[in-house]
Amino acid sequence: MNKLANMELFVAIVEQQGLAAAAKSLNISAASVTVKLKELEQYYGVKLLQRTTRKIALTEAGEHFYQLSQQTLANIAELESSLLTEKTQFEGSIRISAPKDLGRQHLLPIVDKFLLKHPKVIPHITFSDTILGLYESKLDLVLRYGSLKDSQLISRKLIQNRRVLCASPNYLKQHGIPQVPDDLKHHRCLGMVRGNESLTRWSFYDNNIQQDVLIKPARLSNDGGIIRQWATEGAGIALKSQLDIQADLASGRLVTVLDNYHQSFHAADLTSGSDLHLIYPNREHQPSRIKALIEEILIYFETLGISKD
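Here the UniProt record's numbering is used: the first residue of the sequence shown is 1, the next is one more, and so on.
Just so you know, the hints here were simulated from the structure itself, not pulled from any lab data. We treat Cβ as the ideally placed atom computed from N, Cα and C, and that holds for glycine. Treat the hints with caution; some may be incorrect.
Cut-off 27 Å, straight-line C-alpha distance, at most; resulting in silico cross-link-like pairs (DSSO-like, lysine-lysine) [as the list claims (entries may be wrong)]:
(1) 138 to 117
(2) 120 to 291
(3) 3 to 113
(4) 55 to 120
(5) 117 to 3
(6) 291 to 157
(7) 157 to 216
(8) 185 to 157
(9) 157 to 138
(10) 38 to 3
(11) 55 to 38
(12) 157 to 113
(13) 55 to 117
(14) 173 to 138
(15) 157 to 173
Label pairs and their calculated CB-CB ranges [as the list claims (entries may be wrong)]:
(16) 27 to 156: 43 to 53 Å
(17) 122 to 50: 57 to 67 Å
(18) 130 to 160: 20 to 30 Å
(19) 115 to 185: 16 to 26 Å
(20) 70 to 32: 57 to 67 Å
(21) 156 to 109: 39 to 49 Å
(22) 216 to 249: 20 to 30 Å
When you get a sec, could you build the whole thing from the sequences and use the hints?
Structure (structure tokens):
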């Protein structure tokens with residue numbers, strides 16, 4: 001005898017106030033309900049229901065059986081719900097790195113949304129404009145501009161991106177708009193620091209001809225977000241990832257200059273590219289929590305509507 005099925009049957013009879021209604025709710029025949037109820041009463045050796053032409057009434061034994069059955073089924077439902085929740089509620093840490101400006105604008109919202117669904121996951125977030133090695137830094141995921149050199153890692157291209165020169169409209173109104181790269185020597189440029197290196201050599205491609213300009217920065221920072229803030233405040237011209245300044249361009253806080261040139265910090269960037277990639281170790285058994293966050297990241301950048309190609 002399937003005791004749980006019989007409990008479900010009896011609870012349905014009581015709550016639906018009739019055998020026919022219970023049969024309909026359980027998607028079985030009324031005759032089947034009648035037979036199963038008779039078997040149930042014979043099994044326990046007691047009368048569970050008093051039936052009249054209009055309604056059913058519980059006997060004392062029936063009331064007791066109904067209350068216990070209802071509680072048992074509720075406990076089972078709660079147990080199943082708990083087990084299913086544990087299956088989708090991930091635990092453990094995820095170590096992830098991203099460039100500072102990109103991380104604050106894009107990665108943090110992704111992680112915050114992820115943690116609402118998986119609050120037991122502990123993120124270890126590192127923002128750095130210096131390129132970090134996954135294995136050396138013990139990272140699970142990295143958002144990085146440029147192509148991948150290590151073939152032992154998996155690289156997923158998220159969006160197409162390029163570096164652009166930008167400045168505030170007020171700055172350009174006061175200091176003029178550069179027409180050729182050499183004009184930058186006479187402008188206030190905002191320099192980026194990566195590690196111990198000041199990226200003061202800006203490279204330009206026009207018709208496959210490379211031209212390097214050595215700028216004399218008016219300000220320097222190792223934080224791309226600070227560089228962007230300075231640019232919006234009119235402090236000078238910055239060389240930024242287009243993704244980082246997307247909102248500033250849309251609002252008019254920044255405008256681009258020298259758009260007919262392919263721009264970069266140095267020649268190496270021109271060959272590795274500026275497209276945004278998600279990079280992670282090539283593991284045979286990737287933890288489920290990391291797989292889930294990878295999926296969140298992919299979905300987020302797809303919704304930005306920026307082409308990958």
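Hint-by-hint comparison with the structure:
Taking the CA atoms of residue 138 and residue 117, the gap is near 25 Å; set against the 27 Å cutoff, the hint holds. Restraint check for residue 120 and residue 291: satisfied, since their Cα atoms lie roughly 15 Å apart, inside the 27 Å limit. A distance of roughly 43 Å separates the Cα atoms of residue 3 and residue 113; the hinted pair therefore is violated under the 27 Å criterion. Restraint check for residue 55 and residue 120: the C-alpha separation of about 51 Å exceeds 27 Å, so the hint is violated.
For the hint linking residue 117 to residue 3, the alpha-carbon distance of about 36 Å lies beyond 27 Å, and the restraint is violated. For the proposed pair residue 291 and residue 157, the alpha carbon gap of about 16 Å is at most 27 Å, so the pair holds. This hinted pair does not check out: residue 157 and residue 216 have alpha carbons roughly 34 Å apart, beyond 27 Å. A threshold of 27 Å between alpha carbons decides the hint, and for residue 185 with residue 157 the separation of about 35 Å lies outside it, so the pair is violated.
Restraint check for residue 157 and residue 138: the C-alpha separation of about 21 Å stays at or below 27 Å, so the hint holds. Distance check on the hinted pair: residue 38 and residue 3 sit about 14 Å apart at the alpha-carbon level, within 27 Å; holds. Restraint check for residue 55 and residue 38: the C-alpha separation of about 17 Å stays at or below 27 Å, so the hint holds. Between residue 157 and residue 113 the CA atoms are separated by roughly 22 Å; this keeps the pair inside 27 Å, and the hint holds.
Distance check on the hinted pair: residue 55 and residue 117 sit about 47 Å apart at the alpha-carbon level, beyond 27 Å; violated. For the hint linking residue 173 to residue 138, the alpha-carbon distance of about 47 Å lies beyond 27 Å, and the restraint is violated. Among the hinted pairs, residue 157 with residue 173 is inconsistent with the structure: their alpha-carbon atoms are about 37 Å apart, more than 27 Å. Checked against the given bound of 43 to 53 Å, the beta carbons of residue 27 and residue 156, roughly 46 Å apart, stay inside it.
Range check, residue 122 to residue 50: Cβ separation about 59 Å, and the 57 to 67 Å hint holds. Remark: the range hint 20 to 30 Å for residue 130 to residue 160 is upheld by a beta-carbon distance near 24 Å. The given range of 16 to 26 Å is broken by residue 115 and residue 185, whose C-beta atoms sit roughly 47 Å from each other. One distance hint, 57 to 67 Å for the beta-carbon pair residue 70 and residue 32, is violated here, with the actual separation near 22 Å.
Checked against the given bound of 39 to 49 Å, the beta carbons of residue 156 and residue 109, roughly 19 Å apart, lie outside it. As the Cβ distance of residue 216 to residue 249 is approximately 26 Å, the hint placing it in 20 to 30 Å holds.
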